[in-house]
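Undergrad: Chains as they are written, first to last, in numbering that gives the first Met the number 0: chain A, 0 to 248; chain B, 0 to 230.
Quick caveat, the hints were computed from the structure, so don't treat them as lab data. For glycine and all other residues, C-beta sits at the position ideal for the given N, C-alpha and C. Be a bit skeptical, because a hint or two may be false.
Stated by the list, open to error - A short list of chain A residues far from chain B (calculated; beta carbon distances all over 12 Å):
id, residue
1, 19
2, 69
3, 88
4, 95
5, 235
To be verified - Distance windows between CB atoms, simulated:
id, chain 1, residue 1, chain 2, residue 2, range
6, A, 128, B, 111, 38 to 44 Å
7, B, 99, A, 237, 22 to 28 Å
8, A, 104, B, 123, 46 to 52 Å
9, B, 119, A, 54, 39 to 45 Å
10, A, 218, B, 154, 55 to 61 Å
11, B, 124, A, 100, 21 to 27 Å
12, B, 22, A, 236, 27 to 33 Å
13, A, 187, B, 94, 28 to 34 Å
14, B, 94, A, 244, 39 to 45 Å
15, B, 99, A, 31, 23 to 29 Å
16, B, 59, A, 237, 19 to 25 Å
17, B, 205, A, 187, 47 to 53 Å
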Amino acid sequence: MSSIGTGYDLSVTTFSPDGRVFQIEYAAKAVDNSGTVIGIKCKDGIVMGVEKLIASKMMLTGSNRRIHSVHRHSGMAVAGLAADGRQIVARAKSEATNYESVYGEPIPVKELAERIASYVHLCTLYWWLRPFGCGVILGGYDRDGPQLYMVEPSGISYRYFGAAMGKGKQAAKTEIEKLKLSEMTCRDGVIEVAKIIYKVHDEAKDKAFELEMSWVCDESKQQHQKVPDDLLEEAKVAARAALEEMDAD
Amino acid sequence: MNFMASTQPENRLLGPQSDSQRTLYPYVTGTSVVALKYKDGILMAADMGGSYGSTLRYKSVERMKPIGKHSLLGASGEISDFQEILRYLDELILYDNMWDDGNSLGPKEVHNYLTRVMYNRRNKFNPLWNSLVLGGVKNGQKYLGMVNMIGVNFEDNHVATGFGNHLARPILRQEWHENLSFEDGVRLLEKCMRVLLYRDRSAVNKLQVDVFLKMAPNQIYSLAKLLWSLT
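Chain A extracted, bound-state conformation (with noise of 0.2 Å):
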């Protein structure tokens, strides 16, 4: 749903006749043209769940990572501009530690949220900064139990069971909201999340892909880290089969 702007949409400043800030939508855009990323919120911890295209085959397996441990509860997936998407991490990496420096305990990642929803915001406020073109899934595991939020280049961030951004979102969105997220386990959640993610790949449009998982929960001792592999190479077998089945049908 592409509209023109015509002379609204020169400046992050500028409102349009309808009330709309056509570069914001812009730069909406630039997420929606990346690949998939998807959290969810299981009952014991937050699965999150990249499809990250490959460019070249040349690249190295592992590398360009796109989810980040923000500190050692929380990680934030990120989908858009790469760039954009590493001063976003940089910038949670330092009121995380920032806040603990200060107040002794690990942000609660409420305040993580508002911060980072904050400081996106805050570039769509000037004209001499441009918005950022990348939005991020921040999963964490406070004493209020596991959360998941979805910051947007707006600098709007809602808490969220599932969430998903990126080429596939709305496919995504649909399988997630098929999920019972309140009984599942993050064990179960890794596959159900990597089957999403096969399902939603288009495999005419982009060629190969990646599929980079992480996960916060009671069996990862509440820390943010990278799916353990042999759970990865479950997820990844699991969700080959699925689509197979889907495709014999």
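Fit chain B to the known structure of chain A by using the hints.
TA: Chain B alone, transformed into the frame defined by chain A:
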């Protein structure tokens, strides 16, 4: 053009405000730390006392802490400076973990970092008033080093700080050998700590003994021992 001489010193360490900006003397101090390499890793012992001048004020101070997955840090000297060092190291290890690349800082790296911190602070005439012992095992390699408040650092098979240098190291020089068993190592450390309890007025009879194992680097055993018979 400002013809009046500036009354504010350029450097805060000069002029009337200087003394409140830097460490002049320690307040709550810990006494010796003794450590040695044994067959399977590192053994380190320190008592749990924090002295306030000549008063043995605090009797449950943990002067040894694990750092990351591979190291143990023991400190003597000003306790608040030790706590500050732990904060620096906590941040260092956190950033190291966040890379999530399968690598982690080993004892040699942490020792080097601490040496840089201590030496740079001494050069600014604002030292962290500690003598630190850093030991650990990474990839099967044992490492034991020391660094003090003026930045002197070295690596050896057995190290000690403070009074331990004068009372414990001679014992260690005589009786330490390669491939000490765990029991022999603990016995040797206890002998050193016993001599320190006799002769060091700031020693306290409650010990913290930590072990760092070669084979299972994530396990640190803390044996808080009470030597009641020597009160």
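Undergrad: Now tell me if each hint is right for this structure.
TA: Verification of the hints:
1. 19: At roughly 38 Å from the nearest Cβ of chain B, residue 19 of chain A sits farther out than 12 Å, so the non-interface label holds.
2. 69: violated, 8 Å
3. 88: violated, 9 Å
4. 95: violated, 9 Å
5. 235: holds, 19 Å
6. A/128 to B/111: 38 to 44 Å: 40 Å Cβ-Cβ, so the 38 to 44 Å window holds.
7. B/99 to A/237: 22 to 28 Å: Cβ of residue 99 of chain B to Cβ of residue 237 of chain A: about 24 Å, so the range 22 to 28 Å holds.
8. A/104 to B/123: 46 to 52 Å: With a Cβ separation near 31 Å, residue 104 of chain A and residue 123 of chain B fall outside 46 to 52 Å, so the hint is violated.
9. B/119 to A/54: 39 to 45 Å: holds, 43 Å
10. A/218 to B/154: 55 to 61 Å: Between residue 218 of chain A and residue 154 of chain B, where Cβ atoms are some 39 Å apart, the hint is violated.
11. B/124 to A/100: 21 to 27 Å: Between residue 124 of chain B and residue 100 of chain A, where Cβ atoms are some 25 Å apart, the hint holds.
12. B/22 to A/236: 27 to 33 Å: violated, 59 Å
13. A/187 to B/94: 28 to 34 Å: Given range 28 to 34 Å: holds, Cβ gap about 32 Å.
14. B/94 to A/244: 39 to 45 Å: Holds - the Cβ-Cβ distance for residue 94 of chain B and residue 244 of chain A, about 44 Å, lies within 39 to 45 Å.
15. B/99 to A/31: 23 to 29 Å: Given range 23 to 29 Å: holds, Cβ gap about 28 Å.
16. B/59 to A/237: 19 to 25 Å: violated, 51 Å
17. B/205 to A/187: 47 to 53 Å: holds, 48 Å
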